[in-house]
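Build out the structure end to end from the sequences listed, making use of the hints.
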Amino acid sequence: MSDDKTIIKKLPEHIDRLSEEALSLIDNIVRETGLPIYQDPKTGAPMWLDVRELRLRYVIPVKNIEEFFKGLRNGVVRTTKCKECGTIYFPPQPDCPKCRVRNMEWIDIDGEGELLTWTVINVKPLSFSHLKDYIVGIVRMPQGFNILAWINVDSHEKLAPGMKMRLKVGRRDPEGYITYWFEPI
Amino acid sequence: MKRVAIVGTGIARYGYRTDATLAEIAYEAIKEALDEARIGPEDIDSFVVGNVGSWSSEPLPAVLIGEYAGLVPKNGIRVEAACATGLAATRTAYNMIASGEASIVLVIGVEKMNESTTPQVVELIGRAGNYFWEFQNFGMTFPGYYAMYATSYMKRFGVREEDLCEVAVKNHYYGSMNPKAHFQNRITVEQCMSSRYVAWPLKLYDSSPITDGAAALILASEDIAMKITDSPIWIRGWGYANGTSNLSKRSDYIGLEATRVAAEMLYKKIGVDPKNPAKYFDVANLHDAFTIAELMALSDMGFVKKGEEHIVVREKQTYIGGLIPVNLDGGLKAKGHPIGATGVGMLVELTRQLQQRVERGRQAPIKRGWALAHNVGGTGHYVFTAALSVDKP
Ligand SMILES: [Zn+2]
Numbered sequence: 010m011s012d013d014k015t016i017i018k019k020l021p022e023h024i025d026r027l028s029e030e031a032l033s034l035i036d037n038i039v040r041e042t043g044l045p046i047y048q049d050p051k052t053g054a055p056m057w058l059d060v061r062e063l064r065l066r067y068v069i070p071v072k073n074i075e076e077f078f079k080g081l082r083n084g085v086v087r088t089t090k091c092k093e094c095g096t097i098y099f100p101p102q103p104d105c106p107k108c109r110v111r112n113m114e115w116i117d118i119d120g121e122g123e124l125l126t127w128t129v130i131n132v133k134p135l136s137f138s139h140l141k142d143y144i145v146g147i148v149r150m151p152q153g154f155n156i157l158a159w160i161n162v163d164s165h166e167k168l169a170p171g172m173k174m175r176l177k178v179g180r181r182d183p184e185g186y187i188t189y190w191f192e193p194i
Numbered sequence: 012m013k014r015v016a017i018v019g020t021g022i023a024r025y026g027y028r029t030d031a032t033l034a035e036i037a038y039e040a041i042k043e044a045l046d047e048a049r050i051g052p053e054d055i056d057s058f059v060v061g062n063v064g065s066w067s068s069e070p071l072p073a074v075l076i077g078e079y080a081g082l083v084p085k086n087g088i089r090v091e092a093a094c095a096t097g098l099a100a101t102r103t104a105y106n107m108i109a110s111g112e113a114s115i116v117l118v119i120g121v122e123k124m125n126e127s128t129t130p131q132v133v134e135l136i137g138r139a140g141n142y143f144w145e146f147q148n149f150g151m152t153f154p155g156y157y158a159m160y161a162t163s164y165m166k167r168f169g170v171r172e173e174d175l176c177e178v179a180v181k182n183h184y185y186g187s188m189n190p191k192a193h194f195q196n197r198i199t200v201e202q203c204m205s206s207r208y209v210a211w212p213l214k215l216y217d218s219s220p221i222t223d224g225a226a227a228l229i230l231a232s233e234d235i236a237m238k239i240t241d242s243p244i245w246i247r248g249w250g251y252a253n254g255t256s257n258l259s260k261r262s263d264y265i266g267l268e269a270t271r272v273a274a275e276m277l278y279k280k281i282g283v284d285p286k287n288p289a290k291y292f293d294v295a296n297l298h299d300a301f302t303i304a305e306l307m308a309l310s311d312m313g314f315v316k317k318g319e320e321h322i323v324v325r326e327k328q329t330y331i332g333g334l335i336p337v338n339l340d341g342g343l344k345a346k347g348h349p350i351g352a353t354g355v356g357m358l359v360e361l362t363r364q365l366q367q368r369v370e371r372g373r374q375a376p377i378k379r380g381w382a383l384a385h386n387v388g389g390t391g392h393y394v395f396t397a398a399l400s401v402d403k404p
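So the protein lines, in turn, are chains A and B. Here my numbering is used: the first residue of the first sequence is 10, the next is one more, and so on. Here my numbering is used: the first residue of the second sequence is 12, the next is one more, and so on.
Calculated from the structure, these hints are not laboratory results. You may find that some hints are simply not true.
Stated by the list, open to error - No farther apart than 20 angstroms at their CA atoms in a straight line, the calculated lysine to aspartate or glutamate pairs in the EDC-like style are these: (1) B:Lys-286 <-> B:Glu-275; (2) B:Lys-13 <-> B:Glu-172; (3) A:Lys-51 <-> B:Glu-172; (4) A:Lys-167 <-> B:Glu-172; (5) A:Lys-18 <-> A:Glu-184; (6) B:Lys-260 <-> A:Asp-104; (7) B:Lys-260 <-> A:Glu-184; (8) A:Lys-177 <-> A:Asp-104; (9) B:Lys-85 <-> B:Glu-112; (10) B:Lys-403 <-> B:Glu-370; (11) A:Lys-141 <-> A:Glu-192; (12) A:Lys-14 <-> A:Glu-192; (13) A:Lys-173 <-> B:Asp-263; (14) A:Lys-90 <-> A:Glu-75; (15) B:Lys-316 <-> B:Glu-275; (16) A:Lys-177 <-> A:Glu-123; (17) A:Lys-90 <-> A:Asp-59; (18) A:Lys-173 <-> A:Glu-123; (19) B:Lys-327 <-> B:Glu-78; (20) A:Lys-167 <-> A:Asp-104; (21) A:Lys-107 <-> A:Asp-119; (22) B:Lys-260 <-> A:Asp-49; (23) B:Lys-317 <-> B:Asp-174; (24) A:Lys-14 <-> A:Asp-119; (25) B:Lys-260 <-> A:Glu-22; (26) B:Lys-13 <-> B:Glu-78; (27) B:Lys-378 <-> B:Asp-241; (28) B:Lys-166 <-> A:Asp-117; (29) B:Lys-166 <-> A:Glu-166; (30) B:Lys-260 <-> A:Asp-182.
Spelled out as structure tokens, the structure:
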């Protein structure tokens, strides 16, 4: 993967490479037999390969939590606090369902968190298949809410419940966009 | 509210079904259920299709199956509640009859997961938490979500990976006697322990497989049920609850709050002492998408104290003859977990258990005539519970 590209361009290229060989085989079958039907390698059953690939890439509104992303650009994780009742919401959201009003202030998330639980993603989703195994944890923040994020540590064996964690913000390699993660203190 | 009975059951073989389409595999189950009840499509008032889809090609499964099964122009709808789709669909059908609107309703749970590749299925099911805040940046997977519970639970109670494997060993043992199960092989703790990690600390053998399958039930109102069969199985009641979308918003990682709420609701409705449910039920199907899920369900459903689940399992108290026989069809682990079919398949199994007609060796002794189903959607995102009985409510 060349480093001048971000994940937006890298990922489709990576996924296309994974299926290139199989698709070439089916292409040959269509040319030779006239139909996209191949034998399932496990059962030998005839299978029709979907000719119309469905590619989905959603567009997701972030207008009401734009401050969160401005915060990331400035190296901080921010979230919403209801001005009426003081409830802090993470992930941030513009509405307080307790007060049924939209009257939030933005607060910076800081301080040391405590690790609650974690896992290692060994078998990865297709859109994460370009990455090595990664560790995901849930951390309790001193302001009284939890955050789920990657934990930047070289082995899960170094982790223990209650371990102190600090939130970090930056461009994540090799994907090239800004996000947040935890590091043990 | 009218009483509702199960008067017909059908189940397709679970597994890697490259020989059947979504409609064809659904029809295997539908045909068996109609044959059991000795009725035809013309007798059905409405049908409910439980299907999650997205890995399979047909976007409107209810109309597809309606056409294939000769049910046009009967009213059919699709119901979705993640892995709890099966019980959710059955409850929808139950309410159609209980309200007096319909007399006979067909429930179909069906899933064709193997129309997509494994990495794609891992992708789609991993998105089934909170997509934007858990998947987009952090690539969570279905085993990963349950693994978070496993880590916390194991550290808290000193439970070992071998203890989780005991659940898989039991479910494969019973699955080996179920000709409709995806896996019909017995396994050992050693085999389970040597399987690779899918989401540490969960291994391949802690996990339910990617399965194609279908199951069907025919529900009928009391007057019709008594005409169709002399051994109806009655739906006694339901419990249901939801959990948060974000796993980070859960109160703890040693059990599912939604299960505890759904259990309490059900037990209250049917007069079961929540401190001792084992006294009431001859057999239970508890949602074991992963081994840790069955362990947590044992305590969340009130059968054992939190933290003692692995001891009870080690003592074989969840086998026939123990405190409460659990997942005698092989469970999701060995029978398979065709998402939308799973809950319907549980009720097919429990109906046949109560009618004492499953394979020898995995038939529970039926004394009180009550059975319990517990179906979790996602990772505690949805929970449905249901009780069945031989005796009329
Ligand atoms: Zn408020």
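Notebook entry, point to check: Is it true that the CA of Lys-177 (chain A) sits at most 20 angstroms from the CA of Glu-123 (chain A)?
Noted result: The given pair, whose Cα atoms are some 14 angstroms apart, holds under the 20 angstroms limit.
Check: Holds or violated: are the alpha carbons of Lys-13 (chain B) and Glu-172 (chain B) at most 20 angstroms from each other?
Finding: violated, 47 angstroms
Next item on the list: Assess, step by step, whether the Cα of Lys-13 (chain B) is no farther than 20 angstroms from the Cα of Glu-78 (chain B), and give holds or violated.
Entry: violated, 29 angstroms
Check: Quick one, are Lys-317 (chain B) and Asp-174 (chain B) close enough, alpha carbons at most 20 angstroms?
Finding: holds, 15 angstroms
Next item on the list: Verify the proposed pairing of Lys-14 (chain A) with Asp-119 (chain A), using a straight-line Cα cut of 20 angstroms.
Entry: violated, 31 angstroms
Next item on the list: Given the hint that Lys-286 (chain B) pairs with Glu-275 (chain B), test it: the Cα-Cα distance must not exceed 20 angstroms.
Entry: holds, 10 angstroms
Note to self: Hint check: Lys-166 (chain B) vs Asp-117 (chain A), CA-CA at most 20 angstroms. Holds or violated?
What the structure shows: Outside the cut-off at roughly 32 angstroms; violated.
Notebook entry, point to check: Can the restraint linking Lys-260 (chain B) and Glu-184 (chain A) be considered satisfied, given a maximum Cα separation of 20 angstroms?
Noted result: Violated, because 27 angstroms separates the two Cα atoms, which is more than 20 angstroms.
Check: Given the proposed pairing of Lys-316 (chain B) with Glu-275 (chain B), does the C-alpha separation stay at or below 20 angstroms?
Finding: With a Cα-Cα distance of about 15 angstroms, the restraint between Lys-316 (chain B) and Glu-275 (chain B) holds, given a limit of 20 angstroms.
Note to self: For Lys-260 (chain B) and Asp-182 (chain A), compute the direct alpha-carbon distance and say whether it is at most 20 angstroms.
What the structure shows: violated, 28 angstroms
Notebook entry, point to check: Are the Cα atoms of Lys-327 (chain B) and Glu-78 (chain B) separated by 20 angstroms or less?
Noted result: Distance of about 46 angstroms is beyond 20 angstroms: violated.
Check: Keeping to a limit of 20 angstroms between CA atoms, is the pair of Lys-260 (chain B) and Asp-49 (chain A) held or broken?
Finding: Measuring from Cα to Cα gives roughly 43 angstroms; hence the hint is violated.
When held up to the earlier numbered hints, the structure conflicts with 2, 3, 7, 8, 10, 12, 17, 19, 20, 21, 22, 24, 25, 26, 28, 30 and fits the remainder.
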